[in-house]
Amino acid sequence: MLGALSRNRPLLALLRGGNGGDKAASAALWAASKRFMSSDNTITVREALNSAIDEEMSADNKVFVMGEEVGEYQGAYKVTKGLLQKFGPDRVLDTPITEAGFTGLGVGAAMYGLKPIVEFMTFNFAMQAIDHLINSAAKTNYMSGGTINVPIVFRGPNGAAAGVAAQHSQCFAAWYGQVPGLKVLVPYDAEDARGLMKAAIRDPDPVVFLENELLYGESFPVSQEVLDPSFTLPIGKAKIMREGDDLTIVTFSKMVGYALKAADELAKEGISVEVVNLRSIRPLDRETINASVRKTSRLLTLEEGWPQHGVGAEICASVVEESFYYLDAPVERICGADVPMPYAANLERLAVPQIDDVIRAARRACFRKEEKKQATA
Amino acid sequence: MAALSSLRVVVPQVDITRGASGAQGAHSAGAVGDKAFFGLRSGQRLGAEVGRVTLRGCGVAVPAGNVRATAAASKVVKEKAKSEKAQLLVTKEEGLELYEDMVLGRSFEDMCAQMYYRGKMFGFVHLYNGQEAVSTGFIKLLRKEDYVTSTYRDHVHALSKGVPARQVMAELFGKTTGCCRGQGGSMHMFSAEHGLLGGFAFIGEGIPVAVGAAFSSKYKREVLKDDKADTVSIAFFGDGTANNGQFFECLNMAQLWKLPVIFVVENNLWAIGMSHYRSTSDVEIWKKGPAFGMASAHVDGMDVLKVREVAKEAVARARRGDGPTLIECETYRFRGHSLADPDELRSPGKIGQSTTQCLKEFD
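Here the protein sequences line up with chains A and B, keeping their order. Take the first sequence: its position 80, counting from 1, is numbered 80 in the UniProt record's numbering, and each next residue is one higher. Take the second sequence: its position 94, counting from 1, is numbered 94 in the UniProt record's numbering, and each next residue is one higher.
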């Protein structure tokens, strides 16, 4: 194992890095062994986020993490596991339950030279701090005539989980996506999580990083390049997850997985689907979206959030404005139901898009006859 | 580590020469005896006349006044406190009602745990085991039309307030026969009929809502001239919430407008995995009341009779129109924060100790 270690650049960097010395090395070794022992380089989204934050904190002393339960509890969803042990309580701060206060504190720290990563236990709780997110973080660069930057990252789970009811299940992509001065990122797989998190931490502007609780435990194969500490992804570029000719599905976060599964099903019927993983809500990659629609001439947007003024609404408007004459069918939007998330399991299933909904809408866009509606509950 | 000691009632030792209100010696946990219930009538400034002293083992209204009067009152309290246990009387019927409510709360929560692990319930479920005395002690003094708001740990508040257990359990199962037709779930119990205004997932959220309900009660009485409008509202929340901005805003408004609301802090010393001592600059939450000029008390939340005595005083104050009260109940939750919480940060020894302490009181 030691021989393999000496050849492994990313692993060595991990072991070397950080300010903690011996205990850092042992914590890093634990993390590394978990990550690199499997021969096929599969990591979970949680590990991807954890390693990205870890590496950026090692590389730059000004990066620190702040939030509820991020330290001793190892993170409410274990995303910050091991960081307190490695970097100490001065750089991994457990806060009281004071969202408005600590968000403002983070913004102030960022304005004067530090690089905070503020965790919200879920983005629902960020509503208690939204004044600072918008008014102090997002608008400051403009209001100060470009003289003051706020290099802060706000991260946490967004959107529906399972059975957590109305106040824990809202998707905030559309709200934050509307605000000039913010960058809004929505990773799907482990590669997205790692690359976008590193890019977000290095970015000089406020970034809202919308994760998904149900994706944390999902594993994805990643290339060696992704595991390199210098790996980042560009902010504002969407990724074509699957190429196709008949229909473009534009989506983000967990719904990318649904779109890919639906695409597999539709391929059996001869419908070739192109799946676009947005990765970034703001800036929105209109070029990639429009190029794809001009190729396929059909658009379907897919999101978990509410329909009115949603992300899909903006995408449809963009396509209708720029690629109108290429469209062969009306644009289709699939969204969550226009209700606060119900608690009962059968109602919750009906309130979020399912793979069958995607398949049906895709057929509709391709003018295929709809199959008889099956009960989804 | 603060002991779950016997009743503590508090008076801040006001030193008018210094102008600051600092309760010396109050920082040591376990200090008993030389404190009393701090009551300020509306419009009274520190240094006004002496008020009533009523003591039934727990509630003493002492005025801010000169330091000597305060010290004298403290001596009285000290002597009476020694024989306080004998003063806490309930009738047999009341006792049985309290007992039944607490046992219902405990067995309901235990059944929730069973059902959760069998997959009948899902999502977030936060159990109230160990804290029953607080819910029973306060809510059993309320009328049906009085209001209660709570946090996500709201099953037992719903039961104490009179929502049928069957409806609460059906809600947890997601059935249409649930009190919110299965749409709210564990964290969002509402009942218009029983005056239960939620059930909120965000801590601190219920406090302004309770203050608003109190506001409407006062409004009905004074603007709409309805003499019979004297409903009281209680906001239940935890120690973590006492660091949240909404809490302080509401303390100010409630005292400013003398609203009939009671702020009940269920201080179980833990907010998920965050110890109260790690997150709070001054750990004695009751002290936050006097900072706003509000009457404040601290009580052993594991003893239902003591809680009830303090609650009686607070409810009476509110109904009379004397304004809000902040009551810190020292209690403990026997289970983790939620059924999904690994609960690794609390010491098992301490949990065991609290359990036996609670049982001892009932012997």
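Where hints are given, some of them may not hold.
25 Å max Cα-Cα, derived DMTMM-like pairs, lysine to aspartate or glutamate [stated by the list, open to error]:
(1) A:K81 / B:D230
(2) A:K78 / B:E97
(3) B:K288 / A:D338
(4) B:K175 / A:D94
(5) A:K78 / B:D341
(6) B:K312 / B:D230
(7) A:K295 / B:D230
Just some of the chain B residues that point at chain A, by a computed CB distance under 7 Å [unchecked claim]:
(8) T91
(9) G95
(10) G123
(11) Q167
(12) A170
(13) G184
(14) I203
(15) I272
Simulated from the structure, these hints should not be mistaken for laboratory data. This structure is a prediction, so every number in the text was calculated from the model and none was measured. We treat Cβ as the ideally placed atom computed from N, Cα and C, and that holds for glycine.
Broken hints, by number: Checked against the structure, the hints that fail are numbers 1, 2, 3, 4, 7, 8, 9, 11 and 12, while the rest are satisfied.
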